[in-house]
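Novice: With the hints as a guide, bring both chains together as one complex.
Sequence lines, in order, name chains A and B. Note that our numbering has the first sequence beginning at 1, numbered continuously upward. Note that our numbering has the second sequence beginning at 1001, numbered continuously upward.
The set of hints was computed from the structure by calculation and includes no laboratory data. Keep in mind that a hint or two might mislead.
[To be verified] Below are the BS3-like pairs computed for lysine-lysine, each with C-alpha atoms no more than 25 Å apart in a straight line:
id: 1; chain 1: A; residue 1: LYS27; chain 2: B; residue 2: LYS1045
id: 2; chain 1: A; residue 1: LYS9; chain 2: A; residue 2: LYS44
id: 3; chain 1: B; residue 1: LYS1097; chain 2: A; residue 2: LYS9
id: 4; chain 1: A; residue 1: LYS44; chain 2: A; residue 2: LYS18
id: 5; chain 1: B; residue 1: LYS1079; chain 2: A; residue 2: LYS27
id: 6; chain 1: A; residue 1: LYS68; chain 2: A; residue 2: LYS18
id: 7; chain 1: B; residue 1: LYS1042; chain 2: A; residue 2: LYS20
id: 8; chain 1: B; residue 1: LYS1002; chain 2: B; residue 2: LYS1042
id: 9; chain 1: A; residue 1: LYS20; chain 2: A; residue 2: LYS62
id: 10; chain 1: B; residue 1: LYS1002; chain 2: A; residue 2: LYS44
id: 11; chain 1: B; residue 1: LYS1097; chain 2: A; residue 2: LYS20
id: 12; chain 1: B; residue 1: LYS1002; chain 2: A; residue 2: LYS62
id: 13; chain 1: B; residue 1: LYS1045; chain 2: B; residue 2: LYS1002
id: 14; chain 1: B; residue 1: LYS1097; chain 2: B; residue 2: LYS1045
id: 15; chain 1: A; residue 1: LYS9; chain 2: B; residue 2: LYS1042
id: 16; chain 1: B; residue 1: LYS1097; chain 2: A; residue 2: LYS68
id: 17; chain 1: A; residue 1: LYS9; chain 2: B; residue 2: LYS1109
id: 18; chain 1: A; residue 1: LYS44; chain 2: B; residue 2: LYS1097
id: 19; chain 1: A; residue 1: LYS83; chain 2: B; residue 2: LYS1042
id: 20; chain 1: B; residue 1: LYS1042; chain 2: B; residue 2: LYS1109
id: 21; chain 1: A; residue 1: LYS20; chain 2: A; residue 2: LYS44
id: 22; chain 1: A; residue 1: LYS18; chain 2: A; residue 2: LYS62
id: 23; chain 1: A; residue 1: LYS44; chain 2: A; residue 2: LYS68
id: 24; chain 1: A; residue 1: LYS83; chain 2: A; residue 2: LYS62
id: 25; chain 1: A; residue 1: LYS68; chain 2: A; residue 2: LYS83
id: 26; chain 1: A; residue 1: LYS83; chain 2: A; residue 2: LYS44
id: 27; chain 1: B; residue 1: LYS1002; chain 2: B; residue 2: LYS1079
id: 28; chain 1: A; residue 1: LYS27; chain 2: A; residue 2: LYS83
id: 29; chain 1: A; residue 1: LYS20; chain 2: A; residue 2: LYS68
id: 30; chain 1: A; residue 1: LYS27; chain 2: B; residue 2: LYS1042
id: 31; chain 1: A; residue 1: LYS9; chain 2: A; residue 2: LYS83
id: 32; chain 1: B; residue 1: LYS1045; chain 2: B; residue 2: LYS1109
id: 33; chain 1: B; residue 1: LYS1097; chain 2: B; residue 2: LYS1002
id: 34; chain 1: B; residue 1: LYS1109; chain 2: A; residue 2: LYS44
id: 35; chain 1: A; residue 1: LYS62; chain 2: B; residue 2: LYS1097
id: 36; chain 1: A; residue 1: LYS83; chain 2: A; residue 2: LYS20
id: 37; chain 1: B; residue 1: LYS1045; chain 2: A; residue 2: LYS44
id: 38; chain 1: B; residue 1: LYS1109; chain 2: B; residue 2: LYS1079
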Amino acid sequence: GEEVAQTPKHLVRGEGQKAKLYCAPIKGHSYVFWYQQVLKNEFKFLISFQNENVFDETGMPKERFSAKCLPNSPCSLEIQATKLEDSAVYFCASSQPGTASVNTGELFFGEGSRLTVL
Amino acid sequence: RKEVEQDPGPFNVPEGATVAFNCTYSNSASQSFFWYRQDCRKEPKLLMSVYSSGNEDGRFTAQLNRASQYISLLIRDSKLSDSATYLCVVGGAAGNKLTFGGGTRVLVKP
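Looking at chain B on its own, in the form it has when it is part of the complex (with noise of 0.2 Å):
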């Protein structure tokens, strides 16, 4: 079983729409949450850290449930410069290696 596992897509989602999807990560001890975002095989850059509380950045909304092990990212009103690979990704203390999901592909389409 994969550390952090995702759903690959892609979702074809019209612009304006809505999207949603999870990860779950398998290490319980997992200290720090990430959504990164990833285009055409570029560098990942972040798109949002992850809090127990859940949070949101604009039309982003990230959500943690830690009993049950997974995290969500919810963009609403979706623009087609949205269209990428969202990487989910779990680490551990300062320092310490983030292990990144197989990555959620998404398309926003006209």
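This is chain A alone, in the form it adopts within the complex (with noise of 0.2 Å):
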């Protein structure tokens, strides 16, 4: 597609309930990325992809946070055991590889999921 696809809109846990968010990046697209905007606007990284592959998983919450980017269906950002401080607005974002030259480095977001966990 021409835009980057996230769902769901909104996702309501229970502490301690697995929550598992979606996004289909642009076709053609070779990076994506997630990242989570809590309150006063901070963004963090948590994982990039080139295609299939793990690329930065820096950000990652290891003990309870996984992600995938398999062939052919939707990357996937999964929380095992919500708790409250998960509450977000995740966001996938993907972007296209440079050329020798030329790195735009520009990143395409979705609207984004907007995880609340009571």
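Specialist: Next comes the structure, spelled out in structure tokens:
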């Protein structure tokens, strides 16, 4: 598609429940990123993929968070045993690979998935 | 210290006025610089890339100072529709993560 599509738009979970979010990147984009935005506009990088391979996972809280980008499937971000502090908007973004001489680096964002943990 | 720092504002700007604000970044190896705009907790959208020589896009002018590691954005002839949060974004090489500042909120008032 021509837009990054994220589902669901809203998700409510009780503390300790599992949450799973999905993202379909723009067709032809090789990189997929997940960001978490909590209050006061702080964007936290979680993980990125180059095609189906993890590219950078330095931001992932590994004990409860996992993510995948499998061929011919939307990418997913899963949170096991959600906590109150996981309440946030989770943005997925995709980007094109740079050419040898130019890298715009522009990220195209989905509309986000708002997770509320009660 | 945060990797990318911005004054959160808000900057209250009369319609038609000029407003300017900066951000600073800590990683001297950063290679790409952007201003994104975010409206009311919607998804961020690219406003403009920032080039070493400085660049202008209509009423918006961006500057990069690598020596002092700061980026600026200037908005001339502010419109009501310019009210938004402006995110300073810094990145490395192709595919590398982009690091976001906390955003500067701008409110343009009649």
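Novice: Determine which of the earlier numbered hints do not hold for this structure and return their numbers in increasing order.
Specialist: Failing hints, ascending: 5, 17, 27, 28, 34.
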